[in-house]
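Colleague: Model the full assembly from the supplied sequences, consistent with the hints where possible.
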Amino acid sequence: MAIVRHEANKVYAKVVEANGIVTTAGIVPADLGRDAKGQTAEVLAEIDRLLALCGTDKSKVVSATIWLNDIRHREAMNEAWIPWVGGEANAPVRACVEAKLVDPRMLVEIQVVAIK
Amino acid sequence: MAIVRHEANKVYAKVVEANGIVTTAGIVPADLGRDAKGQTAEVLAEIDRLLALCGTDKSKVVSATIWLNDIRHREAMNEAWIPWVGGEANAPVRACVEAKLVDPRMLVEIQVVAIK
Amino acid sequence: MAIVRHEANKVYAKVVEANGIVTTAGIVPADLGRDAKGQTAEVLAEIDRLLALCGTDKSKVVSATIWLNDIRHREAMNEAWIPWVGGEANAPVRACVEAKLVDPRMLVEIQVVAIK
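Protein chains in written order, with numbering that gives the first Met the number 0: chain H, 0 to 115; chain G, 0 to 115; chain C, 0 to 115.
There's no promise every hint is true.
Given that identical chains are not distinguished, each listed pair holds provided it fits within a single copy or across any two copies.
Each computed DSS-like pair below joins lysine-lysine, with the alpha-carbon atoms no more than 30 Å apart [as the list claims (entries may be wrong)]:
1) K59 to K36
2) K36 to K57
3) K115 to K36
4) K9 to K59
5) K99 to K59
6) K99 to K57
7) K59 to K115
8) K9 to K99
9) K115 to K13
Calculated directly from the structure, the hints in this document are not laboratory data.
Modeller: Below, the structure written as structure tokens:
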């Protein structure tokens, strides 16, 4: 079965399709001047774009992994997360833990797995 | 193919079935007064319950991710983990790293992927 | 559908096949005297070996999770990672975050998911 790699470079691909499963990279924000809610909103908009590249959308997300550079940002992250999910009919499983990210100004990184 | 989401709320689902794959949320203990072994036992009992909701069980777990709020709790976690796994015929792949969790009294969070 | 567990013990399996998907454990280096580039090279060689056990190889890797015990080792890790990937045609999605690992001398742990 073919693997389809989107927006790949020598380090990683932004999103990969294989066996009907769509997996995004861990997505980080580009605008590091925003707060955790703003950074989360930017990351989720990028995830929407990547899912659309694969012909799927957030209603088909199965799981999400969320890394926060400070776990105390969880409530601010959820302020962007909850409206993005859009209700329990779309809710994926989730793991949310603290981890230092590539740049100390990055407050959140999110990776999702979806089906097509 | 349909996605089945169990015990979902506006933030996340406890376990999701899609394409024959069952993925739990990152499960944390409710009783935060126990030690790492006790918290692990509680988490694994909850995972058993979630797998059963999907018509599967621990003998079909493919992978597990374990976050410990202090990596030095690994041995205590393993004291509950090893009997739960129940022998090499059931052993999933595993990644176990340190991460701060939502509440500093939470010593362990576990997420598993299984097949049906 | 059968699950095939390779090199399993009572704690975990090194790699598991299920539903056409191959998942490795979080692989850590054995030689803890090397720098982050050297440890990464050792881990990736072990991943090559595990993928081969399952009849697949690095050209079919879908996703990779990389934990570094110090995120500042990312560039050194990439010096081994980039040649291993071997170009954008093979590039998996990737998440790379900081986490303390089982032994403080372990600088890197990598887990991959591939298809057959």
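Colleague: Hint by hint, note whether the structure agrees.
Modeller: Hints versus structure:
Taking the shortest Cα distances, K59 and K36 sit within 30 Å of each other inside one copy (23 Å), while across copies they are farther apart (35 Å). Taking identical chains as interchangeable, the C-alpha atoms of K36 and K57 lie at most 30 Å apart only when both belong to the same chain, with a minimum of 18 Å there against 37 Å between chains. Only within a single protomer do K115 and K36 lie at most 30 Å apart by alpha-carbon distance; the minimum there is 28 Å, versus 37 Å between protomers. Taking the shortest alpha-carbon separations for K9 and K59, both the intra-copy value of 29 Å and the inter-copy value of 15 Å come in at or below 30 Å.
Taking CA atoms no more than 30 Å apart as the test, K99 paired with K59 passes in both settings, with 29 Å inside one copy and 29 Å between copies. Taking the shortest Cα distances, K99 and K57 sit within 30 Å of each other both inside one copy (26 Å) and across copies (27 Å). In this assembly of identical chains, K59 and K115 lie within 30 Å of each other by CA distance both inside one copy and across copies; the values are 7 Å within and 19 Å between. In the homo-oligomer, the alpha carbons of K9 and K99 lie at most 30 Å apart both inside one protomer (23 Å) and across protomers (27 Å), since each shortest distance falls under that limit.
Proximity of K115 and K13 under a CA criterion of 30 Å is satisfied in both settings, with 16 Å inside one chain copy and 21 Å between copies.
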